[in-house]
Each structure stands twice: as structure tokens, then as C-alpha cells.
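Taking the hints into account, I'd like the entire structure generated from these sequences.
Protein chains in written order, with my numbering: chain A, 1 to 163; chain B, 164 to 277.
Treat the hints with caution; some may be incorrect.
Unchecked claim - Estimated spans, in silico, between C-beta atoms of each pair:
| no. | chain 1 | residue 1 | chain 2 | residue 2 | range |
| --- | --- | --- | --- | --- | --- |
| 1 | B | K235 | A | H7 | 45 to 53 Å |
| 2 | A | R28 | B | G174 | 42 to 50 Å |
| 3 | A | Q60 | B | T247 | 32 to 40 Å |
| 4 | A | E37 | B | K235 | 33 to 41 Å |
As the list claims (entries may be wrong) - Interface residues of chain B toward chain A, partial, derived using beta-carbon atoms under 7 Å:
| no. | residue |
| --- | --- |
| 5 | L187 |
| 6 | G188 |
| 7 | D220 |
| 8 | I224 |
| 9 | S236 |
| 10 | T257 |
| 11 | K258 |
What the hints assert, rightly or not - Straight-line alpha carbon distances no greater than 27 Å define the calculated BS3-like cross-link-like pairs of lysine-lysine that follow:
| no. | chain 1 | residue 1 | chain 2 | residue 2 |
| --- | --- | --- | --- | --- |
| 12 | A | K62 | B | K196 |
| 13 | B | K196 | B | K235 |
| 14 | B | K235 | B | K249 |
| 15 | A | K87 | A | K66 |
| 16 | B | K258 | B | K248 |
| 17 | B | K242 | B | K196 |
| 18 | A | K65 | A | K87 |
| 19 | A | K138 | B | K249 |
| 20 | A | K77 | A | K138 |
| 21 | A | K77 | B | K249 |
| 22 | A | K138 | B | K248 |
| 23 | A | K6 | A | K138 |
Simulated from the structure, these hints should not be mistaken for laboratory data.
This one's a predicted model, so the numbers in the text were calculated from it and none came from an experiment.
Even glycine gets a Cβ: it sits at the ideal position worked out from N, Cα and C.
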Amino acid sequence: MTSETKHLEVTLQTQVESVNLAEEMCLRVAEAAGFGEDDCYRIGMSVREGVINAFHYGNQEKPEKKIHLAVDLTPDKMIIHVKDEGKGFNLADVPDPLAEENLLSTSGRGIFLMRAFMDEFDVVTGQNGGAEVIMSKKLPAPGGEANGQSGQGGSAKTPHQEA
Amino acid sequence: MALHATHRDAGRVTVVDLSGRITLGEGSALLRKTIRVLLDDQRHLLLLNLGDVDYIDSSGIGELVSAFTAVKSRNGDMKLLNLTKKVHDLLQITKLFTVFEVFTDENTALRSYN
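Encoded structure:
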């Protein structure tokens, strides 16, 4: 982390309300960083999905566990970390929600959406064994289109699904 | 904005007018309850008007799919009306346009149940 990086970190309760809280917090950072409306929507949605995953799958809705949200604002991009206290998971094991047999599944689209809406996305195993989602979006160019798409992730893009 | 749901009869079809956000928590729960009540009331032909739904997350998508399969399991049908751009794009990238019948005109949608 360089001296130009701004860092924000918050520990959230494992409860539904944390999803909205995390989304609102990151939206404020994204707006202040100059992202336009479309990118703010994508960032907000991705944060929601990351925290929903941590809440439901990672921490299995156990209130004694916490969700750790961190945002780094570098000169180039906004990086978001969402870490849970669960058992972790392998991205390759996540079913493809676009596969014919999964289209009527009532869950399993969160990771797909984060991949679709952010420029970079990865899941690593945290120091204490939980899953840590790390995703980023490139900052809009100075003086660029405020409402345009600054990065590559976007609603028109169908991301490659590895699973 | 919390989700609001009202319904009205249009011949054999029940139109469900939704407004707000369908997201994890109250939004998804209200949609689930609304569909369950309608199905229990023997209303099996549903048209969900999403014209005032400006936001759906993965939980909301899951709830829509769940509603669709519940209606189908009763030999009914559930279609969607008036998608906002964000919801339209979301259904497109998740390939759910291949599952749901989507309309932009209510009369056309209602005629399609015949």
C-alpha cells in the first residue's frame, strides 16, 4: 500500500442489515472517487453480493462470526476486500449459473455478478482460513465521462465462467 | 426503498404491481409471501409488473426463479412486464430471458395467456 492509497476498514455483524450498510459505505467512497452512476451501481451490487456470500455461505448466518470489509483507493483503482470467518471455498468448485441445468437454480449467481461487474475478481483463503473476496474497478480517467463506463466490467459483458 | 406489492384482476390473470427493491431480506420475503398467498388463493396465472422495481440483487433473482417454479408446479404461468433497464440487463446477463417471458405492453402480455 503506497502513501497515496486511502484505506478504510470496517468489521460488520453477520446480519442482513450489514449488506445494505456495506453497499452504502462503498457507494459513498465510489462517488467521492469520481465513479459515474453506472459504475457506482456495479460496485454497489458487487459489494452486496460479496457480503451476502460472507453472511450466508461463509459465516453460515452465525451471529458470533464477523464480516471484514476493507476498501483501498489507490491512484488507479478502487479495491474491495470482503473476508468471512468460514471454511473458505475453491472458485473452481462454484457451479456455472449460466449452464442449462442451473438456470432455474434459486441461488449461486453472486460470484457471477461480481465477476461481471468488476474489472478484477479473485477469491483467496484468508489468514484464518475464511474466504476473502478481492475485487477492483479502475478509476475513471480525470475529466472523463462521469456516467460512462470507466472500467471493463459492465452489464453488457458476459464474463467467462471458469467453473 | 422497501418493496411494495399490490395485485389486481385482469380477467383470468392476476397482475402483481411491484415497486422498490427486491433484495435479500424484506424485499425477497415480501415477494415470496405475495406469490404464496396468490397461489393459495388459486390464482395460477400471474403477470409481475416490475416497472417500478429499480433494483434486484442475486437474492431477488433467486426469488423470481423460485416464484416461477412454484407457479409452474401448479400448472400455472408467470410472466414479467415492464422491466427497467437495470433489471433487463440483469436478466440478460444471467440468461434468464431464456426462462421468463417478458413484455413491454400489458395488453399484449394479457393476451398471451390465451
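query: Which of the listed hints are not met by the structure?
result: Violated hint (a single one): 9; every other hint is consistent with the structure.
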